[in-house]
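Given the coordinates of chain H, assemble chain L onto it according to the supplied hints.
Residue strings, one per chain:
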Amino acid sequence: MSLRDTTDQSLEGWREAYAATPERKGELFSTLSGLESEPLTTPEMVDVDYDRDLGYPGQFPFTRGVYPSMYRGRLWTMRQFAGFGTAEETNERFRYLLEHGQTGLSTAFDMPTLMGYDSDHERSLGEVGREGVAVDSLEDMQTLFNGIPLGEVSTSMTINSPAAILLAFYACVGERQGVSRDKLRGTIQTDILKEYIAQKEFIFPPEPSMRLVTDMVEWCATEMPLWHPISISGYHIREAGSTAAQELAFTLADGFTYVEWALERGLDIDDFAPRLSFFFNAHLDFFEEIGKYRAARRIWARELRDRYGARDPKSLLMRFHTQTAGVSLTAQQPEVNIVRTAIEALAAVLGGTQSLHTNSYDEALALPTEDAVRIALRTQQVIAHETGVVNQIDPLGGSYYVEHMTNEMERQAYAYFDQIEKLGGVVEAIKQNFFQREIADAAFRYQAEVEQQQRIVVGVNRYQLEDDTAPAILKIDPALEDKQIARVKELKARRDNAAVESALAELKRGAASDTNLMPLIVDAARVDVTMGEMCDAFREVWGIWRETPTF
Amino acid sequence: MIRVVIAKPGLDGHDRGAKIIARALRDAGMEVIYTGLHQTPDQIVETALQEDADAVGISILSGAHMTLVPRILEGLKAQGLGDVLVVVGGTIPEDDAAELRELGVAAVFTPGAHTSEIVEFLRDKCAPVA
Chain H
1 MSLRDTTDQS LEGWREAYAA TPERKGELFS TLSGLESEPL TTPEMVDVDY
51 DRDLGYPGQF PFTRGVYPSM YRGRLWTMRQ FAGFGTAEET NERFRYLLEH
101 GQTGLSTAFD MPTLMGYDSD HERSLGEVGR EGVAVDSLED MQTLFNGIPL
151 GEVSTSMTIN SPAAILLAFY ACVGERQGVS RDKLRGTIQT DILKEYIAQK
201 EFIFPPEPSM RLVTDMVEWC ATEMPLWHPI SISGYHIREA GSTAAQELAF
251 TLADGFTYVE WALERGLDID DFAPRLSFFF NAHLDFFEEI GKYRAARRIW
301 ARELRDRYGA RDPKSLLMRF HTQTAGVSLT AQQPEVNIVR TAIEALAAVL
351 GGTQSLHTNS YDEALALPTE DAVRIALRTQ QVIAHETGVV NQIDPLGGSY
401 YVEHMTNEME RQAYAYFDQI EKLGGVVEAI KQNFFQREIA DAAFRYQAEV
451 EQQQRIVVGV NRYQLEDDTA PAILKIDPAL EDKQIARVKE LKARRDNAAV
501 ESALAELKRG AASDTNLMPL IVDAARVDVT MGEMCDAFRE VWGIWRETPT
551 F
Chain L
1 MIRVVIAKPG LDGHDRGAKI IARALRDAGM EVIYTGLHQT PDQIVETALQ
51 EDADAVGISI LSGAHMTLVP RILEGLKAQG LGDVLVVVGG TIPEDDAAEL
101 RELGVAAVFT PGAHTSEIVE FLRDKCAPVA
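These protein sequences, in sequence, are chains H and L. Taken in order, the first sequence gives residues 1 to 551; the numbers are from the working numbering. Taken in order, the second sequence gives residues 1 to 130; the numbers are from the working numbering.
It is worth saying that the hints were derived from the structure and are not from the lab. Note that the structure is predicted; figures quoted are calculated from it, not measured. Wrong hints could be hidden among the right ones.
As the list claims (entries may be wrong) - Looking from chain L toward chain H, a few residues come up when the C-beta cut is under 10 Å (computed): (1) 12; (2) 40; (3) 61; (4) 77; (5) 115.
Claimed, not checked - Once the Cα atoms are required to be at most 35 Å apart in a straight line, the calculated DSBU-like pairs of lysine-lysine come out as: (6) 125/L with 475/H; (7) 125/L with 489/H; (8) 422/H with 183/H; (9) 489/H with 314/H; (10) 483/H with 183/H; (11) 125/L with 77/L; (12) 483/H with 508/H; (13) 431/H with 508/H; (14) 314/H with 483/H; (15) 125/L with 483/H; (16) 492/H with 508/H; (17) 77/L with 475/H.
The beta-carbon is built from N, C-alpha and C at its ideal position, and this holds for glycine as well.
In isolation and in its complexed conformation, chain H is listed as follows (with noise of 0.2 Å):
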């Protein structure tokens, strides 16, 4: 090597010297989301204005985090997502969670209650209590939080068509607990658009869900105001198999498809944006992770306050929750999902999220154990106390690529906005079937990169064990679904039923006009008006909604 050489330090010297080099052969250099990306970032490829694009924590455009202290104020919320059988044993895994240190509830509720039907509904059959817990009635929702003081614990619902109805009932569990409807706190998914787009868990047509998810809005700036009424969510955009970018599009595409909607109501920016909040998925890819959660705080702040003009800096911050990608998990090798979990959930708190969910290792297999789900909280636990990257506020700021990144995805958003409105808003996209076909080809896409082995995964295409074997998974007692259907029937017979008649009638009456619906299901709730009777009601009204099948 000649002494000139040694005092080369210009990027031309290194693009030849990294040209001279053999790169690895077979496997793929872009992102999992098929982004292609330069073996290295340096500075002149990354256009930032420090002020205009990146501010200080708690300042615009809240790139770096949207509070000025972070973790070093108050750690992201630990909240392990549960639910299976009935309202009792439901219960009994809620408490156990807050005895492990857990910091809040999320409720996870079963096919049957996401559906709109009822536990002795004959569509209902096998489903009962199967991926999470059966809900029929505001006595199930009673027994869901007993000897859980409402008034001390936030407590996340991911539901969606029949939110409105999940939400009745839990302001009337606060009632009767005692805690006054303006002192609960938690959030509901109520994200209605990205169950067209992703989860598929519909009921109603879009524009009477819409109306639904509005009345739920309006109802809680004022009677809920501690509430989140819509947590818009990426995390099953991305399960479903779409990309980074994808998710991060769509996902603010709809909110503010749900902030427009609010707005032609009559209501003010200031009293609703400030409650929206955001769920995102962390997925394996790293770095393009955490480009994802900066891009998005960055165009949610920049929108609110240029296009919808809110005024109050608390519209402008996108808080979020973020769950670790259920789609990366394995069911070979599965103990190996700690690992790609701890890595995800690192990547989560690195993007700066308010509160977190850790998959178990065992979920590619069934609804996990406790044993799986304690480990799973642990691993965040590792993250906040033994790894000090909380003491450091948003610490990859800066780094060339996280930069480059964090543009990068912010570009692509911006591209899919202009074809969403191209396509006439979301609500036109969905019928088209755009987002549909858009994520269906990128879920193809990745998996014959796997199936061509130019993406590895452990355990699957590669490292494979001869003798793989499976852990102790949860059983779910199939006496469980007979138990809920007793029972929902015992309350059936029991009930006024002139009552129940006349608050489904008003119900009707309701769906057909344009009041805002929430006091009309409130007061069905207090008759033990049940769930699916409700859904009912307005299946009757507004009929369903059927997707054009494609592949």
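The following block gives chain L in isolation, referenced to the frame of chain H:
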């Protein structure tokens, strides 16, 4: 040409797997009919009958497989379609998979299965009798 109905019974909307399989089978030269979501067992049997299916691929991730798959098998038999090949894909614990195979399901594919593995299986089992 092998005719395959890809069916989504039950209430869950997890359709990533179903769509990937449907595409992979189509790309492999099969005629694929995708039912769409939220199908009852009766609707799936009806589709298999109408479409003169050689095989039915059931994708289910709701945990209700032990309730719904046997109903589809019974329905097919009742319609004289007992020879239609039935395969299942989803998050199916091994104990349940064994029971389903006993009931007449030809194969159960769980997470991590290769699409080419499924294509080969269907080609092999649905090959026209010479």
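Verification of the hints:
no.	hint	in the structure
1	12	holds (6 Å)
2	40	holds (7 Å)
3	61	holds (8 Å)
4	77	violated (19 Å)
5	115	holds (6 Å)
6	125/L with 475/H	holds (33 Å)
7	125/L with 489/H	violated (46 Å)
8	422/H with 183/H	violated (42 Å)
9	489/H with 314/H	violated (46 Å)
10	483/H with 183/H	holds (33 Å)
11	125/L with 77/L	holds (18 Å)
12	483/H with 508/H	holds (30 Å)
13	431/H with 508/H	holds (26 Å)
14	314/H with 483/H	violated (46 Å)
15	125/L with 483/H	violated (42 Å)
16	492/H with 508/H	holds (19 Å)
17	77/L with 475/H	holds (30 Å)
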